[in-house]
Amino acid sequence: MRADSSRPRPPLDPRIYQISVLSGLLIYGLGWLHFDITPGRAALLLSTALLTQYVCTKLWRLPKFDPKSALISGLSLCLLLRTNFAALAVLAAVVTIASKFLVRWKGKHIFNPTNFGLVFLMFLGAPIWVSPGQWGNVAYFGFLMACLGGLVVNRAARSDVTYAFLISFAALQFGRAFWAMQRWEVPIHRMESGALLLFAFFMISDPKTTPNSRAGRILFAAVVTAFAGFIQFGLYRTNGILWSLALWSMAVPLIDRLLPGPQYEWTRPRQKPQTQGVIDEADSSPRHRPLDQPALG
Amino acid sequence: MKRILLLGTVLWISLLWANPASCFCGFYVAQGNAKLFNHASKVVMVRDADRTALTMANDYSGEPAQFAIVIPVPTVLQRGQIHVGDRAVMEHLDAYSAPRLVEYFDPDPCLRYEALRSAPMSQGMARKAADSMNSARERSLGVRIEARYTVGEYDILILSAKQSGGLETWLLENGYSVPAGARRVLASYIRQGMKFFVAKVNLGEQQRLGFSYLRPIQVAYESPKFMLPLRLGMVNADGPQELFVFAITKNGRVETTNYRTVRLPEGVDIPEYVKDDFPRFYRAMFTRQVENENREAVFLEYAWNMSWCDPCAADPLSADELRSLGAFWVASPNSGWNPPQTGPQTTFITRLHVRYDARHFPEDLVFQETADQSNFQARYVMRHPWKGEGSCDGIREYRRSVRERRVKEAETLATLTGWDIASIRRKMGGDWSDDPDKPVPWWDRMWKN
Numbered sequence: 001m002r003a004d005s006s007r008p009r010p011p012l013d014p015r016i017y018q019i020s021v022l023s024g025l026l027i028y029g030l031g032w033l034h035f036d037i038t039p040g041r042a043a044l045l046l047s048t049a050l051l052t053q054y055v056c057t058k059l060w061r062l063p064k065f066d067p068k069s070a071l072i073s074g075l076s077l078c079l080l081l082r083t084n085f086a087a088l089a090v091l092a093a094v095v096t097i098a099s100k101f102l103v104r105w106k107g108k109h110i111f112n113p114t115n116f117g118l119v120f121l122m123f124l125g126a127p128i129w130v131s132p133g134q135w136g137n138v139a140y141f142g143f144l145m146a147c148l149g150g151l152v153v154n155r156a157a158r159s160d161v162t163y164a165f166l167i168s169f170a171a172l173q174f175g176r177a178f179w180a181m182q183r184w185e186v187p188i189h190r191m192e193s194g195a196l197l198l199f200a201f202f203m204i205s206d207p208k209t210t211p212n213s214r215a216g217r218i219l220f221a222a223v224v225t226a227f228a229g230f231i232q233f234g235l236y237r238t239n240g241i242l243w244s245l246a247l248w249s250m251a252v253p254l255i256d257r258l259l260p261g262p263q264y265e266w267t268r269p270r271q272k273p274q275t276q277g278v279i280d281e282a283d284s285s286p287r288h289r290p291l292d293q294p295a296l297g
Numbered sequence: 001m002k003r004i005l006l007l008g009t010v011l012w013i014s015l016l017w018a019n020p021a022s023c024f025c026g027f028y029v030a031q032g033n034a035k036l037f038n039h040a041s042k043v044v045m046v047r048d049a050d051r052t053a054l055t056m057a058n059d060y061s062g063e064p065a066q067f068a069i070v071i072p073v074p075t076v077l078q079r080g081q082i083h084v085g086d087r088a089v090m091e092h093l094d095a096y097s098a099p100r101l102v103e104y105f106d107p108d109p110c111l112r113y114e115a116l117r118s119a120p121m122s123q124g125m126a127r128k129a130a131d132s133m134n135s136a137r138e139r140s141l142g143v144r145i146e147a148r149y150t151v152g153e154y155d156i157l158i159l160s161a162k163q164s165g166g167l168e169t170w171l172l173e174n175g176y177s178v179p180a181g182a183r184r185v186l187a188s189y190i191r192q193g194m195k196f197f198v199a200k201v202n203l204g205e206q207q208r209l210g211f212s213y214l215r216p217i218q219v220a221y222e223s224p225k226f227m228l229p230l231r232l233g234m235v236n237a238d239g240p241q242e243l244f245v246f247a248i249t250k251n252g253r254v255e256t257t258n259y260r261t262v263r264l265p266e267g268v269d270i271p272e273y274v275k276d277d278f279p280r281f282y283r284a285m286f287t288r289q290v291e292n293e294n295r296e297a298v299f300l301e302y303a304w305n306m307s308w309c310d311p312c313a314a315d316p317l318s319a320d321e322l323r324s325l326g327a328f329w330v331a332s333p334n335s336g337w338n339p340p341q342t343g344p345q346t347t348f349i350t351r352l353h354v355r356y357d358a359r360h361f362p363e364d365l366v367f368q369e370t371a372d373q374s375n376f377q378a379r380y381v382m383r384h385p386w387k388g389e390g391s392c393d394g395i396r397e398y399r400r401s402v403r404e405r406r407v408k409e410a411e412t413l414a415t416l417t418g419w420d421i422a423s424i425r426r427k428m429g430g431d432w433s434d435d436p437d438k439p440v441p442w443w444d445r446m447w448k449n
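Going down the list, the sequences are from chains U and D.
The numbering of the first sequence is the numbering used here, which starts it at 1 and goes up by one.
The numbering of the second sequence is the numbering used here, which starts it at 1 and goes up by one.
For the record, the hints were derived by calculation from the structure and aren't laboratory data.
Accuracy of the hints is not assured; some may be wrong.
[What the hints assert, rightly or not] Partial list, derived from the structure: chain D residues whose beta carbon lies under 10 Å from chain U:
id, residue
1, R215
2, M227
3, N294
4, A371
Where is the CB? At the ideal position from N, CA and C, for every residue including glycine.
Could you put the whole structure together from the sequences, leaning on the hints where they help?
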C-alpha cells in the first residue's frame, strides 16, 4: 500500500468491515454452533479463493492483486458451502472467483460470486449442500447480525436493496401465514432465521451485482422474493432465496437498461460525485478499472 | 517469493487431505432406545426424489376401541398406498440406531494384553394415549369421504374438507373427540390442500388377525412436500412430545431446514457405574441438551450408511426389512423382482430425536436430504481400569492416570446430565479423600515419585 502521503487518509474500505463481520460469524459458527465444516476445510476454501484471485489477476493483467473481495467470497463459502469432498470445495472456490472474471456484462459481473458458485454446483447435482437451519433462531444472534450487517451495508451503501428485500420477504411470509390461517409465530419464526439475515445483509446487498438505480434495486428485491416464495411454497424446495437470486441476477442488465443509474464502485475517486452516501476513498488505481474488484459472496 | 509460494502450495495441498479419519474398536453393551421416553412416537420416513413412505408407530396403550388418529397427508391415497407394517422391524431399526454405551477394559499395564467383554442390556417403559372415536354416517358438511378402506386391523378414511368447522363437526358427530384448538390447525392444513387420513381399529379384524397390540400404519405417496405435520399432535398434548424420525434415503443425511439440527455429544468417557443406569443417563443427558439449545433444536443421534457398521449395536436391517419400510430401491433377494440398478445403491439412515411443544416448535418440521455421507453415532465410552496386581515401574504411573481419568469422567457426567458431582463421585466409589479436583503436580510426573 503506497498511499499518496499528500492526500488525507481515506476512510476504510467497506470490505474490511465485511471481512471482520464474516470472520466473526465463521468463528461463532465453528466454535458455538458446530457448523459442518472443519477449520482445515475453511482454510482450504479461503486459500483456494485467494489463489484463484491471484491467478485471474495475472491472467487478466490487472494492475494489482486485491485479496479483499476474494476473501469475502471465501468466507461466505465457508459459511454456506457444505461437502464431504475437498476437491469439490476447491472447485466451488475456483468457480466462485472465476465467475467474476468470466461472466460479465458491460463491465459488471452478473452474479454474486458465492451465489453463483453454490447454485452452479447444486444445479449440476454435485454432492454439496447448504444448511439453512444451521443458524437456529436465537433472537439475540439475529439482532447482532442485523446490527453488524446494517453497519456494513450502510458503509457500502445500497442498503435499500436489503431493506426492500426484508420488507418484501416479511410481506410474503406474513401474507402466506394469513392465507394459510397459521399462527403469527410461524412467519415470525421464519423471519428469525440467521440464514435469511446473512442473505439479506451479505449477499443480495452486493453492490456490484444489484441494479444501478434505486427503483431497479427495489424491483429486483421484490422479484427475488416472489420467486423465492414460489420455490418455497409452490415447489417445496430448499434454499429458494439462493436459486431466485441467481435467476434474477441474469435480468439485472435488463433492469439497468429499463431503469438506468450510476454504476457502483468500491473505491471511488474523491472528485467523483457521490451517490447514495457512498464512501469516498482515494482510488489507488485510478482510470484503470477494467474489472472492478467484485463484491462479497 | 518463490519459497513462500512453494510453502503455500504445500500447505494448500495438505489441506486437501485434512479430513481426519476416525475408527474405533469396542463392544456395545447398552442402548438407549426410543422406549425409554414417555409420549414417544416413532416415524420411519423413506424418501427418494418425491416418493415418500411413512411408517408411523405411536405409543398408544389404551383400549383398541378407543384408538383413533387423524393425520394430514398431501394426497388422496389409494388402497395400495396404505399398508400395515411390522412392529418388530421398527424395533429393530430403533435398536440398530440407538445411542449406546461401549466399554473397554484397560490392559494390564505390565503385561500389555487386551481383554474385551460385553453384556447386553435392555429396558422397557410406559406409553401414552390419543383421541377416541366411533364410526358413523356420511354427511355433507363440506367434508368428502374420498376413500374408505379396511387395511389389517384398521378402518381407514381419507377425508377432504372445505372448512375446518365442517370437518370438526363431522369428526365430532362421528364420535371422534376433537380437542379444543384443533379447528384452527385443521383450517390451516385444509387451506394448504392437505387431505386427512383417519384411522381407527376394526375390533373384528384385530381379533381375527390375533394381534394384541396396534401395528404401525404405513402410507406411501408422491409429493414434493418433505415434512412431518406436528401441529395436530400438539393440540391435545399435556406437555412436550417426543418424536423419533428415522429417515432412510439414498444419498445422505437428512436434516431439518427450519430448525437447527444438532449432534448429540458423543465419544466421551463416562464413569463405569453408568452401565447399570444407562437409560437414566441418556434421558438426563438428552434433557440437558434440549435445555442447552433453548428447546428449539432437533437432535441427530445416528447417521450411517447402512451397508456397514463396525461394530453394530444390532444387526443392520436386511434388504427385506428395508423394503418393508418402503425403501423401494433396495434389491430384495426374496421378492423375485429387483429394481434396475444404476450404479451403487446406498441406504443411508438418519435418526433424529426431537422434543417439541407448541411454543418452541411453531412450524411443522421441514426436511432436506443432504449429500453428507459422513457417519455419526451417539456413543459413550466406559473404560474399566486394570484391577490386578502389578509390580512394574509403569504401575504407579498407570494408577495415577486412572485417578485423573476418574476425575474427568465425573466432571463430564456432571456436565452432560446436570447431576450433582458429589453424588456422582459417591456412586463411582473409590477413594476421593484426596481432593479430586487437585491436579497432579507436574514434578510428580517428571520424577515418578
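Structure versus earlier hints - violations, ascending order: Failing hint: just 1.
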